[in-house]
Amino acid sequence: NAGVTQTPKFRVLKTGQSMTLLCAQDMNHEYMYWYRQDPGMGLRLIHYSVGEGTTAKGEVPDGYNVSRLKKQNFLLGLESAAPSQTSVYFCASSLSFPSDPLYNEQFFGPGTRLTVL
Amino acid sequence: AQKVTQAQTEISVVEKEDVTLDCVYETRDTTYYLFWYKQPPSGELVFLIRRNSFDEQNEISGRYSWNFQKSTSSFNFTITASQVVDSAVYFCALSEAGFQKLVFGTGTRLLVSP
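The listed protein sequences correspond, in order, to chains A and B. Quick note, in this note's numbering, the first sequence goes up one by one and the last residue is 117. Quick note, in this note's numbering, the second sequence goes up one by one and the last residue is 114.
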């Protein structure tokens, strides 16, 4: 049981390049999330998904796109990377949403450190 | 709107000292959920506790304890007899009922020296 995995772990891009971050979970969770973590700003939600084929915007969605074609995978895309997108990106998954009585916790991946030059 | 404030950016203590991490939240809802996560130097986030707004009982788990006070909108976290392994960034988070996401505070970095 690998939990939540993220690919790649590190990446350096030039301004204007595109890339896709892959998140995979093997816990059959419905909910998946993408966050970015910047110094002094905590974790901010980029996009999230409440099930296969659905996505929704979070707090800081601009410049990112996501897709959830399969329940176990949640992709985060940067179409034209900018230096402001230099950050550590975390994916998370959960069985349900935070205010559901059945909710337990969000399980986080190890993170992807992205640098945009 | 939901908001979580962790005013302490960094705290340094010596091993075996007790330390309290503060968390103040804002919400218009009467039903909400509060969380604490730990991020050790290795980078992963580890879930510590979830508490709903109707349960104001303090919780203790080993050296960890949490004090929830609705009157002051606070959910503080105390580590008793701190250890070097407690060194980490600690995040407080909030979710309102019906919302499908967490709002995190900016985190408090705890440094425990031998």
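Take the hints with a grain of salt, since some may be wrong.
[What the hints assert, rightly or not] Straight-line Cα separation of at most 25 Å, DSS-like style, residue types lysine-lysine; simulated pairs:
1. Lys14/A with Lys70/A
2. Lys70/B with Lys16/B
3. Lys70/B with Lys9/A
4. Lys16/B with Lys38/B
5. Lys57/A with Lys70/B
6. Lys3/B with Lys70/B
[To be verified] Which bits of chain A does chain B cover? Going by a derived footprint, with three or more residues having C-beta under 8 Å, they are:
7. 43-51
8. 64-74
Calculated from the structure, these hints are not laboratory results. The structure presented is a predicted model; accordingly, all values stated were derived computationally and were not measured. Quick reminder that beta carbons are idealized off the backbone N, C-alpha and C, glycines included.
Cross-check of the supplied hints:
1. For the hint linking Lys14/A to Lys70/A, the alpha-carbon distance of about 30 Å lies beyond 25 Å, and the restraint is violated.
2. A hinted pair counts as satisfied when its Cα atoms are at most 25 Å apart, and Lys70/B with Lys16/B does not qualify at roughly 29 Å.
3. At most 25 Å may separate the alpha-carbon atoms for a hinted pair to count; Lys70/B and Lys9/A exceed this at roughly 40 Å.
4. Pair hint Lys16/B plus Lys38/B holds up; C-alpha atoms about 19 Å apart against a cutoff of 25 Å.
5. Using a Cα cut-off of 25 Å, the hinted pair Lys57/A and Lys70/B is violated, with the two alpha carbons roughly 30 Å apart.
6. Of the supplied pair hints, the one linking Lys3/B and Lys70/B holds, its CA atoms being roughly 15 Å apart against a limit of 25 Å.
7. With 5 residues bearing a CB less than 8 Å from a CB of chain B, the segment 43-51 of chain A meets the requirement of three and the coverage assertion stands.
8. As drawn, the segment 64-74 of chain A meets chain B at 0 residues by the rule of a beta-carbon pair under 8 Å; below three, the given contact is violated.
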